[in-house]
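K.L.:
Given chain A, work out where chain B should sit, using these hints.
2 protein chains.
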Amino acid sequence: MDSSERSEHTEPSDPVTQLQLTPELREIHDKVLRTVRCLVADLCQQYDGGHPGSAMGMAALGLALYKYVMCYSPGNPRYFNRDRLVLSNGHACLWQYVYMHVVGFPTMTMEHLRSYHSSDRGSICPGHPEIQFDGIEVSTGPLGQGVGNAVGLAIASRHLSATYNKPHHNVLDHMIWCVVGDGCLQEGVSLEAIQLAGHWKLDNLAILYDNNGVTCAGTVDLTTSEDVNARMEACGWQVVDVVDGVDNISRLVEVLLYAQHNRQKPTFVNVRTIIGYGAWFQGKNEAHGNPLGVDGVANLKRQLGMNPKTHFHIDEDVYRFFADVGPAGRAREARFAKEVKAYGQSYPVLAQEFVERMEGRWNTHWQHLLPAKKDLPSSKVASRVSAGEIIALLAQHLPQVMVTSCDLQPTTNMSWPTSKAFQCPVHDTTSGTTSGDYTGRYLHCGVREHAMAAIANGLAAFNAGTVLPFTSAFLMFYGYAVPAVRMGALQGLRIIHLATHDSIAIGYDGPTHQPVEIASLFRAMPNLLYIRPCDGEETCGAFMVAVAAEKASSVISLSRHGLVQYPQYSSRGGVGRGAYVFIEELKADITLIGVGSEMVFAVEARKKLAERGFKARIVSFPCQRLFEAESRQYRETVMQYDQNKPVVIIEAYAVNGWERYADAGYSMHTFGKSLPPEDQVYEFFGFEANCIASKLQDLIAEVNQSGIRSLRGDFRDLNVRFV
Amino acid sequence: MDSSERSEHTEPSDPVTQLQLTPELREIHDKVLRTVRCLVADLCQQYDGGHPGSAMGMAALGLALYKYVMCYSPGNPRYFNRDRLVLSNGHACLWQYVYMHVVGFPTMTMEHLRSYHSSDRGSICPGHPEIQFDGIEVSTGPLGQGVGNAVGLAIASRHLSATYNKPHHNVLDHMIWCVVGDGCLQEGVSLEAIQLAGHWKLDNLAILYDNNGVTCAGTVDLTTSEDVNARMEACGWQVVDVVDGVDNISRLVEVLLYAQHNRQKPTFVNVRTIIGYGAWFQGKNEAHGNPLGVDGVANLKRQLGMNPKTHFHIDEDVYRFFADVGPAGRAREARFAKEVKAYGQSYPVLAQEFVERMEGRWNTHWQHLLPAKKDLPSSKVASRVSAGEIIALLAQHLPQVMVTSCDLQPTTNMSWPTSKAFQCPVHDTTSGTTSGDYTGRYLHCGVREHAMAAIANGLAAFNAGTVLPFTSAFLMFYGYAVPAVRMGALQGLRIIHLATHDSIAIGYDGPTHQPVEIASLFRAMPNLLYIRPCDGEETCGAFMVAVAAEKASSVISLSRHGLVQYPQYSSRGGVGRGAYVFIEELKADITLIGVGSEMVFAVEARKKLAERGFKARIVSFPCQRLFEAESRQYRETVMQYDQNKPVVIIEAYAVNGWERYADAGYSMHTFGKSLPPEDQVYEFFGFEANCIASKLQDLIAEVNQSGIRSLRGDFRDLNVRFV
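One line per chain: the protein sequences are A and B, in this order.
Per the numbering used here, the first sequence starts with residue 1, numbered consecutively.
Per the numbering used here, the second sequence starts with residue 1, numbered consecutively.
Where hints are given, some of them may not hold.
For chains that are exact copies, the list does not tell them apart, and a pair is met inside one copy or across any two.
Stated by the list, open to error - In silico SDA-like cross-links for lysine to any residue, where the CA-CA straight-line distance does not exceed 25 Å: (1) Lys587 / Ser706; (2) Lys380 / Asp48; (3) Lys615 / Arg712; (4) Lys380 / Thr637; (5) Lys615 / Ser694; (6) Lys31 / Gly305.
No lab work stands behind these hints, which were simulated from the structure alone.
These numbers come from a predicted model, not from an experiment.
Only chain A is shown next, with the shape it has when bound in the complex:
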C-alpha cells in the first residue's frame, strides 16, 4: 500500500519562491530529463552493466536540486558554505555524475563520465561515489550509511553556525540533502540516525526519499508494510509528499525550498518515482542493476523523441540551461568571503578561530598538553581513566574535538568537567542535569553504536580538520558499528574510537560482553590503527598517534579495570613505532610480547621465570600496523629473531594474526565466561603467572633440545586446554 494513501500531511505553508513555468521552461525541463535518462542508459549499455534504474527515476529530483535549490559552486567543490549532498543510495551514482557534468564540475568531463564501468584505472566515476573525487561529500554504497553521515554533516553544520554565527552575521547557513532509496530506510543504521536527527531537531537536514517501491528482489511490499510517513513523524520529522516525482519539477522545487526555509524539524520528502522511468523495465526490479540492452536503449530514445543513433549526446541548450549555475556559485562564494570579512571586523577573535577551522589548521602544540610521564599516577589506574583525562585536556584546548557516546558514558568515562551536551536548545530533559545547546560538543547517541560511528564519519567528512570526532563505547559493542567504522577507515577519515572494557576482565557481564575476537577484525582492517596501550604512558602515546594520523581512523582499546603502571619501562614514543623493547635482557631464553591489560602477565611471568633461572625479555606491542611500517632493521632489533629463541604472545584475545610475530600464544579460544572481574576470570582461562611460567619453561626446554626450527608451522596454543 502506498503510504500516501494513509497519512495526511501539512502542505508547505511558508511563502516560498514558486517556479513560474513558462512554455519554454517546460520544454527545456523536459529535454533535460530526456537527455539525462538517455545518457544514463547509454552509460550503462556501454560496458553492459551498472545501475540505471534509480538514476533514471530521479532525473527530475536532480534537475530541481542542481539547478534551482542547492547552494553550491561547481567550480569550487570545497566551497565551505556549500549545501552538502549525500547520495546514500550510492548505486545511483550516475545520477550524480551526470548532473555534475552538466552543471560544470571541472573534473567531470564527458570523457570521465564515460569511464564509468570502464577499465580506466584513473576513472573518477567508480560504481559508487567515492569521497576522494571532487564534488563527492562521502563515499556511499553500503545502504543506510549515508543517512548517518548526513546527520553527522548536519550536526557539524549546526554546531559551527551555533558557535560562530552572531546577530547580523549569519556566516554559515547551508543545508544537508540526503538522497535515499528504499533499502536505506530498512537498514538499522538509518533508523537509529533518524531517531537522533528528530531528537536533535536538525532542521538543516532533509532526506529525499526516492520512493520507487522496488528493490533488487522485487516490490518493496514484499518485505515492508510500514507507513513510512507516520513513522518519520513519530520520530520528530516533518513530512512532505511529492506524488509525481518523475517529472513535476515545480512541485519538487517548491517542496525542497520549503525544507530549506522551514526551521523547526528535519524534513522528510517522500518523492514517488518510477524506477527505470521510460525504459522497458520501468517499475520493475530488473531496472535496479541491469543495462537496458542495445534495443532497449534504442527504444527508450525513440519513445522519448531522441535520436537512437546518437549516443552520449547532450544538446547545447541543455548545457546552456545550466550555464548560470557556475556564475551563481562564484557569486555565492564572493558573498561568503565578504560575510567572513565583515564578521572578522566585528568579531576578530572568533573569526580567526573560524578561519582556522575552515582551513583545518590547528594548535600544533596540543601534544604538549599531555601530562609528562613523571606527572602520571604510579598506582593502578584503568586506561579508560587515563584516556578520559586526555580527552578532557584535548576537549578544553581544541575546539575541534567533539565526543559521541553510546549511553555508557558513566563507565566509558570520556567526558570532561565543562562538557556541554549537543542538544536542541528548546529541549529539556526530565533529569535537567544534562541540558545543552547546539554549541555543545558532547553527543549523547543513546544505545545506537552504528549511528554513532556513521555520524562520526559525517563529522569528519564535513571538512578536513574542522571537527575531530571521537566516539566511545565498549569495545564489544563496536561490533554493532563495523560497517561505519570500516567506511571511516576506507575514506581516510580521522576518527578516533575510544573502545573501553576491552578485556575478559569485564567479568560478570559474561561472554556476550567479552570482546575476544573483535581486535582481529580491527587489526586486519586496512587504514585503521588498532592501538592497545598497557598503561597511562602508552595511552598518551596512543592519542599522539591517533590524533596525528590525518588520513586514518583509529581504535584506542582501553581497560575497565585498574592497570599496573610501568613508568620504568613504558614509552609514549614507543607506541608510535607499534612495538618496542619494554624490558631488555641479554642472552634471554625467550621473548614475551605483552599487550594492553595483559602486560601484567608478561611482567609477572618473567619474574616467575627468573626465580626458576630463566631470562625473559619483554616487548610491548600496542599496534601491529604501526610496527609493520617500521624498517626491517628496527623490527629485527625489537624482536631479535636472530637469537633463535622462542617468541610468545600473551593476550586474552583470539591469537589470529599474532602468528606473524610469535611462535606460541597464551590466548582465548572461547567467548569467555561470566565470573568476577579481573583475577578470577583471567585465572579461569589460565592467565596466572605461575601457570604461564610453567608453559614457557616447557617451551624453552623444547627449543633448547630441538632447536627453534621445531616450532615452524606448529604454532603452540599454550592454554588451549581451556577450550
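P.N.:
Frame of chain A, contents of chain B only:
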C-alpha cells in the same frame, strides 16, 4: 514527554478473563512484589554488584507473566508447546532467575540463585541469561538482539502451526513474549526486526516494554524524543498502554491476555515502570547497575515492611502462591500429549513428521542428496550457483530448512523452484509474483542483514533440530550482522550463513563491496566455521560440514564469478579436514596454499613455475578451524614443514591469521578498487600468474641460498607494493 500523552490507543476490547481481585489476592500480590524487590536487592548487595534497577521495576510484570499468563511447565523447561520468554534487556536477568525460583524450575534452587555474581564456576545465574541453562530461551545481553530472536521464535512457531495444525487439531498454540528495555528500542537491529514482524503480522508475538525512561547515562529523553507508540503503530503493531506497571497486576494480566488472544497483529505493551522501585535511587540512572548499599537494602526493607535483618528470605506463603504453577504445567503437558496423539490418529503421516521435528530427528541420509562429483559441471561455475543447487536439494528434502535473504536473492541465488515465501496469507504484494503464506520457508528480510541474522538465531533456538536456518547476503554485508552472527556462534546454534560475492572480483561495486577483512573476523570468532570452497566439489563438502555441525554456526563463503572446477584435485571429504593436499609434488620447491576464488592463481602460478623449472605443491585450505582440530600428524602431512621449503598463501584478503601456516603471502593491503570484475581488479592488485610466479621464484631462490630460517619472524607480503 511521555508518549502516552500523545497517542490514543485502542483499549482491550476482546472479552478476556478479568482477574477478580479479592483482598487476600491483593495482599499476596503485594507480598510477592515486596519479596522479589528485596530479594533482588539482597542478591546485588551480596557481592556488591549487579543490575537491580529494572529487575525491581518489573516485579509486577513478572508476577503477571509467571503466575497468570505464560503457558509453560516449570518442571519441563523444554516442553514443546510452551510460551517462550526472551529477556532482551538481559542485564535484568535477576528478575527472571527469581521468578524461575519461586515457580519451581528444579535447577533454580536458592543456592543457585545466590551464586549470581559469585566466583562459583558452576553458577547457572551468570550476569546475563545464557541459553545453556534450563528455562532460558536465548542468551541475551547485547541490547536489541532479543527482539530479533523473538521475531525468529515467532516465525518458527507460526510456521510450524501453519504447517501442522489442522481443523480440530490446534496442536501448537503458544506465544512469544519479548521483554525489552529502553536501550533495546534504540538499537537498529530491533528497529529492523520490528518492521519485519509488523509486515508479517506475527500475532503470536508481544513486546513488553519496560518503559522506565532511564538508561545507563540518564533519562531517556536525553537521546530520544520519538512517540514510540505512534512509531510502533506505523510499523503495523497494535499498541496497549499500562500506565501503572509497577504494581497494577490486574491491568497487566488483562493486557497480556489481550495480546495472547487478539489475533491480527503483533502487540506492543508499553508498560510504564520505575527503575529501582522502592530503593533510594528509584527513577534514577544510578539504579541501572549499582547495588543499593547495605543501608540502602535495609531501608528498602523497612520501607516495604519487611525485616531488614533477614536476607534472601521468601515466606512460605509466597511459595504457596505459586504452587499451582507446576501442576498447571504438568496438566498442560498432558493435554498437549493427548492432542498430539489424537492428531496422529487423524493425520498419521504429518504427525510422524511433526514428532520427528519436535525431537530434532532428521533424515540422516541427506548427504546422499548431494550430487556426486562426476555429476558436477566441469566448466566454470560460480560457487554461489553450486551452493544454490545444494540449497534447492536440501530445501526440497528437508522440511527443516528455512532460508532468509536480504533483498539480493536474484544474485545470491539461494532459492529453489518450488520455494514459497513466508508471508501473512492476507498480504498481497503489488508484484503478485511472490505471494506466500505461513507455510512458506523463504523469508524475504529486505535490506536488514542484522535482523536477518538475529531472526535466524531465534529460528535455531526454537528447539534443537526443528528448524535449520540458512541466511544469505553478500559477504561484505555480514558486517552489518556481526553481533547477531556472534550470538549464534556463542550459543552454539546451528545456523549456516551463505555469504556470496566473497572476493574483490565483485569488481565495479568497488571497495565498499569488496570484503577484504571480514574473513579475518570470522576466522577468529570462536565456534564459527568460516569455510571458503574453491569449486563445486568443495562446496558440497562445505555444506556437509556445516549441516553436520550441530553445535556451531558456519559461514560458507561463495563467489559471484565463475570458478574453474578441479574435479581431478578437489575433494569434499578434504573440506571436512580443513585443508588437504590438492596437488602433490615430490621434492617440491614450495608449497602454495590456495583458497576459494583464488585457487586459480595457485594452480596457474604452479604452471608458470613449472615452465621455469620449479616444482610447487598445492594445499587447498577451505577452513582454518577444522584444520586446527586435526591431529598434528595429519597437519604435518599436509603442510610438510619438515621439508624446509617455503609456504605461501595466495588469497585476496588481509593476510592476518595465515601467518600461522605460511611464510609469505600474496594478499590485500587496501580496501580494493572499482574496476571491471575478475581479471582486471585482480590484476590491479598483482593477482596474475606470471607476476605471482616471479615473486615465488625469488622466494625459492632466497630460501635455497639462506635457508628457511631466514624467513622466521619476517613474513613476506609479496604484493605489498600495491598498497
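K.L.:
State for each hint whether it applies.
P.N.:
Cross-check of the supplied hints:
| no. | hint | in the structure |
| --- | --- | --- |
| 1 | Lys587 / Ser706 | both (18 Å within a copy, 24 Å between copies) |
| 2 | Lys380 / Asp48 | between (63 Å within a copy, 21 Å between copies) |
| 3 | Lys615 / Arg712 | both (22 Å within a copy, 21 Å between copies) |
| 4 | Lys380 / Thr637 | neither (30 Å within a copy, 49 Å between copies) |
| 5 | Lys615 / Ser694 | within (13 Å within a copy, 42 Å between copies) |
| 6 | Lys31 / Gly305 | within (10 Å within a copy, 82 Å between copies) |
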